[in-house]
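Start from the sequences, fold in the hints, and give me the full structure.
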Amino acid sequence: MDIVDDEKDDKLSKDNPHLGLDNTHDIHNSLLNVINGIQSSLRRGGMYDANYEIDGNPTAQLFEDRFENKVTGWSMTVNINMPNNDMALINADGSQCP
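With the numbering used here applied, the sequence shown has no gaps in its numbers, which climb one by one up to 98 at the end.
If you're looking for bench data, these hints aren't it; they were derived computationally from the structure. These numbers were taken from a predicted model, which means no experiment stands behind them. Take these hints with a grain of salt, some might be off.
Stated by the list, open to error - Using C-beta positions, here's what the derived DEER-type ranges look like: (1) His25 - Asn85: 14 to 22 angstroms; (2) Asn33 - Asn79: 16 to 24 angstroms; (3) Phe67 - Gln96: 30 to 38 angstroms; (4) Gln96 - Glu68: 32 to 40 angstroms.
By construction, the Cβ of each residue, glycine as well, lies at the ideal position given by its N, Cα and C atoms.
Shown next, in the form of structure tokens:
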């Protein structure tokens, strides 16, 4: 999630032209790449090698007007299974041992 730059300068006259009046498109692109990187790491990267695995199919949802301060981005819903190799630290009722 990132804040939209609502600068009113002409983006086409700058060295790096940008179509549109803000950087919403850039934010969506960057953050979708972050989500894809996390998902890729869980499926076949370092997190997979550490026995973290995706349970089911993750879903990504674009949002633009969720908050009042012009924050935009992506949210991802994913269930992750991970090993618990230290069961000795958990009591029978699920609470953690001191």
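Taking the hints in turn, this is what the structure says about them:
no.: 1; hint: His25 - Asn85: 14 to 22 angstroms; result: 44 angstroms, violated
no.: 2; hint: Asn33 - Asn79: 16 to 24 angstroms; result: 22 angstroms, holds
no.: 3; hint: Phe67 - Gln96: 30 to 38 angstroms; result: 34 angstroms, holds
no.: 4; hint: Gln96 - Glu68: 32 to 40 angstroms; result: 38 angstroms, holds
The structure fails to meet hint 1 from the earlier list, while all remaining hints are met.
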